[in-house]
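Terminal number for the sequence shown in this note's numbering: 400, no gaps in between.
In short, the hints are calculated from the structure, not lab data.
Not one of these hints is a red herring.
Okay, derived cross-link-like pairs now, DMTMM-like style, lysine to aspartate or glutamate, Cα gap no bigger than 20 Å in a straight line:
hint, residue 1, residue 2
1, LYS227, GLU266
2, LYS227, GLU168
3, LYS125, ASP85
4, LYS83, GLU112
5, LYS125, GLU80
6, LYS125, ASP77
7, LYS83, ASP118
8, LYS125, GLU301
9, LYS125, ASP88
10, LYS83, GLU307
11, LYS125, GLU89
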Amino acid sequence: ISALRAPKSREAYESIGGGSPLRRITMEQGEAVRGALAERGVQARVYVGMRYWRPFTEDAVEAIKRDGVDELVILPLYPQFSISTSGSSLRLLEQLFREDPALRGLKHTVIPSWYQRRGYVAAMADLIEAELRGDGEGRRRRFSNPRAVEIFFSAHGVPQSYVEEAGDPYREEMEECVALIMAELRARGVRNRHTLAYQSRVGPVEWLKPYTDDSIRELGRGGLQQMLAVPVSFVSEHIETLEEIDMEYRELAEESGIREWGRVPALGCNATFIGDLADAVVEALPYVEGLAEAAPGPPPGSAQRQPLVPQGRVEDLLDTYDEERRVLPSPVSVWKWGWTKSAETWNGRAAMLAVIVLLLSEAATGESIFGALFSAAPSAGR
19 ISALRAPKSR EAYESIGGGS PLRRITMEQG EAVRGALAER GVQARVYVGM RYWRPFTEDA
79 VEAIKRDGVD ELVILPLYPQ FSISTSGSSL RLLEQLFRED PALRGLKHTV IPSWYQRRGY
139 VAAMADLIEA ELRGDGEGRR RRFSNPRAVE IFFSAHGVPQ SYVEEAGDPY REEMEECVAL
199 IMAELRARGV RNRHTLAYQS RVGPVEWLKP YTDDSIRELG RGGLQQMLAV PVSFVSEHIE
259 TLEEIDMEYR ELAEESGIRE WGRVPALGCN ATFIGDLADA VVEALPYVEG LAEAAPGPPP
319 GSAQRQPLVP QGRVEDLLDT YDEERRVLPS PVSVWKWGWT KSAETWNGRA AMLAVIVLLL
379 SEAATGESIF GALFSAAPSA GR
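Throw the hints in and build the complete structure from the sequences for me.
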C-alpha cells in the first residue's frame, strides 16, 4: 500500500509547501495545555507522543520514566474514540506498560474521547459562526447569503468492517458530536442545513458512508450554491485539511456547481478549546490517584453529556472495546472467491504480473511470445 500511495502523498505534501505543520501545532497545543493547567493551580509536565512520527509514543514514555512521573493522564487528541486511532495508541501503551517493570505500577487514567464536552462544542460552534458571519480567519465575507450555506462536516473515515465487525463506536460518537454542535448553533439562532460525510478512504473495501466526494457531487446536482466545510475530526491543520479539503474537495465543489466555498479552521490553540482540555485533565486527576472508582460526571449544574466511551485505565478500556486485541480488518480486502471487489483487485494484480512476465520473456529472448505462439499454431494443426 505504501509503495502505491507514496508518489501521490509526495505530490500532496509538495502542494502544501513540502511538509505538514502537524508536529509543530501539536507541540504548541501541549505547551498551551501546560500553561492552562498552571493557571488552574496544577503544575504538570506535558509530554507529546505520536504513533507514526517523532516524537514517537515510545520517546514520550522514556521521558516519563526519566522524569520519575508516577501519575499520568493520557489525553488522545482525537475528539472521538476509534479502535483505529486512540485504540491503536492504547494498544501500544498497554504493550509498553506490560513489558517494562518500571511502568507496571504507573498510576494512570485515559480520557478516551471528549467530543461531548461543552468547551469543545462551544469552540467548534464559535468557529463555524465566525465563518458564516465573515469575521473568521482572513476577516473576509465569504458568502453572499449566509443563511443558505450548507454546513458540511467532513470526518475522517474508517472501514465499515471496523464498526460492523469490531464494534468500533466511532460512527455513533461522530453522529452525536455533530448533533451537539448543531444544537449549540440552533441555540444561537443559526438554522442552516448540514451534512456529515467521511473522507480519506483507501483501498477497495467499503468505508463509512456517505463519502465526502459523493456528497459534494450530490449537493451540487441539487443546486447548492454555498458550502462551508468543517473538519470535525481534526484539531490541527495537516495534509487532510490543507490539501484534501482545501484543494481536492474545493475543486470538486466548484466543478459540481457550488459557487461559494469556505472552510472552518482546525481548532489549533483556540483558547476555549485548550481551556476545556485542561479542565478535562483536572477532572480526571482524582481517578489517577484512586480517589474515585467511576468515570467522572459533568460538573454540577452543567448540561454537559457523558461520552459513549467512559474514562478508565488502558487495559480496562481495551478489555471493554477491544477485548480480543484482534488484528483489525484490513482496509484492503483479502482474497475471496467469486466476482467480488477483492477478486477484481487480485485479478488486476495477476494480469499486471502476467504482462510483466511476458515483457521480461521478450526482453530475454528477443522474440515476441505472441509471435511464437501464433507461428507454432499452424504446425500444431498439421
